[in-house]
Amino acid sequence: MRILLASVYLFLLIAGPAAAQDNPIQQVLQENRDLLEESSRRTIGPAIDAISDSGLPQAQAVLEKWQAKELWQREADGLFFFAEDIGSDTYRLIDIATGAPVGSYDEDDLDQLKPNSGIRGMIGAALVRFQLMDPDPAKRADALDAISRDAEASHLDALRGSIADETDPGLKARKARLERILTIAYDPDPAARIAAIQSFKGDLGVDARAALNPLVATTRAAVTDAPPEDENIARLLRPGSDALSEVEAYALLVDAGLAPPRLSLDDQRAALAAHIENGRVGGVPVDRLDTVAARDRAYSALADAGTVPAAATEAEVAQALSSHVFYERYAETDPAVTEAANAALGAIAFKVGLNQGADLALDALSLASIYFLAAIGLAITFGVMGVINMAHGEFIMMGAYTGYVVQQVVPNYTASILIALPLAFVLTFAAGVAMERLVIRWLYNRPLETLLATFGISIALQQLAKNIFGTQARPLTSPDWLDGALVFNDVVSISYIRIAIFVLALAFLALFLFIMRRTRLGLEVRAVTQNPRMAASMGINPDRINMLTFGLGSGIAGVAGVAIGLYAKVTSELGQDYIVQSFMTVVVGGVGNIWGTLLGATLIGSLQKGIEWLNPSNTLAAQTYMILFIILFIQFRPRGIIALRGRAAGD
Amino acid sequence: MRDSFFAKNPSVLIFLTLLALFTLAVTLLGEAHGTGAISTSFVKTLGKTLCLCLVAIAMDLVWGYTGILSLGHFAFFGLGGYMIGMWLMYARTELIVAESLAQAEIPPTPDEIRDAIATQIFGVVGGSEFPAVWAFAHSLPIQLALVVLVPGALALVFGWLAFRSRVTGVYLSILTQAMTLALALYLFQNDSGLRGNNGLSGLQNIPGAGDIPQSIISIRFFWASAAALAAGYLLAAFMVSGKFGSVIRGIRDDEARVRFLGYSVEGYKLFVFTLTAVIAGVAGALYYPQAGIINPAEVAPIASIYLAVWVAIGGRGRLYGAVIGAALVSLLSTWFTGGQAPALPLGFYTVDWVDWWQVLLGLGFVLVTLFAPSGIGGLFDLVAGRRHPDRHGADLGPDKGSFREREAEQ
Amino acid sequence: MNSVKKIITSALAMGALAAPAFAQDTIKVGVLHSLSGTMAISETTLKDTVEMLVEDQNAKGGLLGMQLEAVVVDPASDWPLFAEKARELLTVQDVDVIFGCWTSVSRKSVLPVIEELNGLLFYPVQYEGEESSKNVFYTGAAPNQQAIPATDYFLEELGVEKFALLGTDYVYPRTTNNILESYLQQKGIAEEDIFVNYTPFGHSDWSKIVSDVVALGADGKKVGVISTINGDANIGFYKELAAAGVSADDIPVVAFSVGEEELSGLDTTNLVGHLAAWNYFQSAESDANEEFVAKWKERMGEERVTNDPMEAHYVGFNMWVNAVEAAGTTDVDAVREAMWGQEFPNLTGGTAVMGTNHHLAKPVLIGEIQDDGQFDIISETEEVPGDAWTDYLPDSAVLVSDWKDLGCGMYNTETESCVQIKSNY
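Chains as they are written, first to last, in this note's numbering: chain D, 7 to 657; chain R, 27 to 436; chain V, 0 to 424.
In case anyone wonders, no lab produced these hints; they're calculated from the structure. Using N, Cα and C, we set each Cβ at its ideal position, and we do this for glycine too. Treat the hints with care, as some may be off.
Partial list, derived from the structure: chain D residues whose beta carbon lies under 7 Å from chain R [as the list claims (entries may be wrong)]:
(1) A144
(2) L454
(3) G462
(4) L470
(5) L634
(6) P644
Here chain R is said to cover these stretches of chain V; the calculated rule only asks that three of the stretch's residues, wherever they fall, bring their Cβ under 8 Å from a Cβ of chain R [stated by the list, open to error]:
(7) 100-111
(8) 409-423
Sequences are here, hints too, so could you generate the full structure?
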């Protein structure tokens, strides 16, 4: 095989196209042609090294183009070129050495080199030495990215050399930080390492922990007497303790060849099956071997006869465990380094814990604001008016689809959101008014029937949305200024879209309070909900007020829909995801009180995040237990957290 | 007493006669004992429909008669199915495993058999050990008892908590819906030990009846469903015809007044809630062996809401109304969503029923609620020439949901 | 008489109105894909695919001198209804073959019926394996044709040392992650370096999970995410990933359930570089694929995309046609035997071969998401034969499936006996 490969190389070198002869960079590429074509991280190393060590002026350009998937190979002769797309599947090839155009080729005659992200990382690491001093700050930043992803020992010196000349203050700070991280890993001087380690005491960065944790990684070992002197021992372990169960301890002994393996039930059965003689094994009839005791008897009979090796008994296992020493050792051999790392990590751990708590609180707050936003419309229709609107979720969905449709018409994301928000309000307001006029007002005395009728509307609306928009999720893209996250540190961060939802929720809270407390409409609404007849005698038209209130609640649901669509997805089932939670929020908070709804949302949001934190591998469980909690909560406070008293409580 | 019961309730006799005739007709037209004009798959559909009618009767008892709009009775239905499903899966797998292990040279220990069954059942969902809830799965009598006990116990605990703290009306509905959602989410988890989203499957293969063709099994289940429906109908009719029936209708119309009369309203409600949960559990236990698979989606809140829809369309407060509603709407749903209903060309647009049935159902439901509160069953009143007093005005009682004077005359 | 009886039957059977008068002249192809409910989005595409394939075959002159007729039913994403509709297809409609199902639970629902009535089902979706039914041909990927190669890619090409296995809580992610956990441990990845999380269908609140994943990098090992997140939930997940600024170079994500169809609901600019593993991508370069894509777009509209399960149906359907021609009949047993060893060219190049374990041998492709919602294929293996029983779980490692020589789909090589003839459901 090797001969074959060599001859291929030879062939390439001799018979290689003439262009390669007087084109050193092409020659380097051709020499590594097989590796480049194979394009695997495991084998590509020599090719990258060959290019970067070639000392040719084009090396950096080749690596950069290759990394950006812009290096092409002509199928006819295997030569490598840069290329630019000139439309209709044709590319203009450009000679790497001269930069001169070579001609246009159809895509079918060319092969694009597609380094995977592992290879791209290696290319990036090789590019570090070219890019670290590059005049372009963007390239210097690329180099720093490459170092932080795939650090090599050689980077340390290059990095140190480049810090002094760095002009960009941001990059300079990054370089200094990376230098300390690389020092921890690669500096031969323990004192320098310890100093660098100590400088990270209390640092929250993931990169700092990533540099420190490998230092204190341990492996377990077992020995017959005392642990060897030259090893950096973390601690001794006692079998049967929490840190090391007896089964694990014995497995360690077996792995180290210090004890015979225990006989598993499967092995026992196989051994018995192999020694059936005249329908008996070890004197026990085969058909009686359907209990563990009988099998043990048969096996020990076989062992006594010497046909099978004796299995380790419990006593032997205990004896083996007590006669050996178990311990954990550090991979890092210098005790001073591990000690410093442990100290630094101890200080970090506490701070990380605090910050994780803060992050969790932010998440909970964000979830609470989403629930609040979804529920605030319901707080009006259900909380104030007492109308059960099962189609509330569908109003949210209508708002989200409004956002989607507007984005189809207005391509500018910022403008489209600004149009979509009021439009969603208007549309769902109209839908709410229509529903109130056509259905709900006939059912004010029959709340259970309102529930069912609005449910009917809900399934009809859902199916209509499916018929119009299809069942597939539709994209609702947030404007650029809502992309990304507000990063406090590597632990605490929150995406801008969630902040926007939070702000929106607060705005609606203010709006709600303003309308209810400061406007004539609010006054009339409160009057009508407390006593419609009395209000009517005072000259208030209850029909009009009910209509407007219901429209307002629905309209707010529509606006909430745009926000929820931005943060999650737009599907016809969007509303369903929120309807039960919204009702819960209102009921838990206390019907008829917006502050109650706010508290309810906060309670539900924090509770769900809290349970998720306790059981991180199963989000579904969090939802289940949250609902169970709510059911129990309502048993004890049937009227919610803030219960209205007196006449305002209605019946 | 017995004569007077039927005399007072002629509809019971009519219903039972019709049910008997229907059962006979299906038997004669089925593949097992008849001409084969009705395919086995349709016999299964009809058998399942009878089970749905039974759970609709339970719903009618609890909602139409007692005024508790429970959005959780399909959860009890599903639980009944899960209980019988556990035995069906266990026993079927045990037969397979025993046969397979018998070929080994060394006879298996009981533990080995159990482990092998567990691997077979839970291998599909990445497990190999029996969760605690399967402790009795090997025993048919215990699982049959659990069909009744588990939904009953859940309803008892939940009802006790809810009624004790006087949660009523729409609050109770929302609370029952939350219970259903919690149960569905719980069952969706793999960790719940009931195979998560996959649920229990292959339930139509009755253990030990591998040689009996499905055509016969399906007709047997059809008979059992019909018998259960008849028994359930009788029980329900008996309950609502006497004094007990008057009290629960009283609770529906005005809970506070019944309480002041000295009745234990909570006790009555709890009894009806629990009993109907048990009936729902039995219906589920008959339904799912015919359906072949049960999974958490069956328990989802939407199913319970549909149950309320059936009863409302059929006509609340009359048992045959519930049966008619359940049978009609569920069969129509199957027909329309099955893609078999012919499309309706309107010239500019072709109405494809697969797409539009839900819209039709939703709107139809709104119309029934608005204009025909007595549902389809109300048509019988027209035939019978019964008229209700045309009273308009304020509610009869302070509980807004209770106004049902129409039944007061019965 | 027979047709009269049939008319009564179908009229009674809720108006199964397909006129049986010309039943003798056509070969019926059952299509059992949800056209309504939650799965309609994915499955309707497959129904259209089968209809397109049937029309093409008819244009080529049909099969055995007869025209093909697609019988479409709608199981409405309701798992029990799948069993009911399958029975109806086999007994009332008398179809000769069924193309259908998407979710594992729907397949498990149909299995007992298909086996009881000796039907023939072609199942086109990647699945968790651990099954081999006499009556089912699995044209989608088994774990060793998707999950294992993708994990190898992570281990070898990307140097990932710490894994986050994120999935929706149902059988495919559960089983796949189980296999992967076991596989990774055999590859020397410690148990504590594997983080597993399950979320409900349609989950949207991903901030906590994404920050958990980012925090995994704290011990200095490269983190990779293997995602078996299903459907809509992916949208929120990728949005949150993008918002957290996680680039594919820092924490690569490989998805097994995200294809062209799912990406069309997303703005992919922030996802460029994340990965998906399939046996087919629309961007595959071959003449057959170009023709297939063009035909699909012409039929369904320019904006429509093709995906892996569609190719699975394409291969499965053509293999079935060839097997029927080879057998000279549509009889299930004869066709099944003719299916073994059937070969048909993949749309991605190379040849798919049907094994005697009823799984296909197919190449495994890994693609990087591009900003136009398509995938850039960066790795393609040789054809990998599908393995019904995984080699990486101790209970399954001893099992093999071979319907030709062993006549058993669940054969224990240790005890040398057939565990069961019917499959495990």
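Quick check: which numbered hints come out false for this structure?
1
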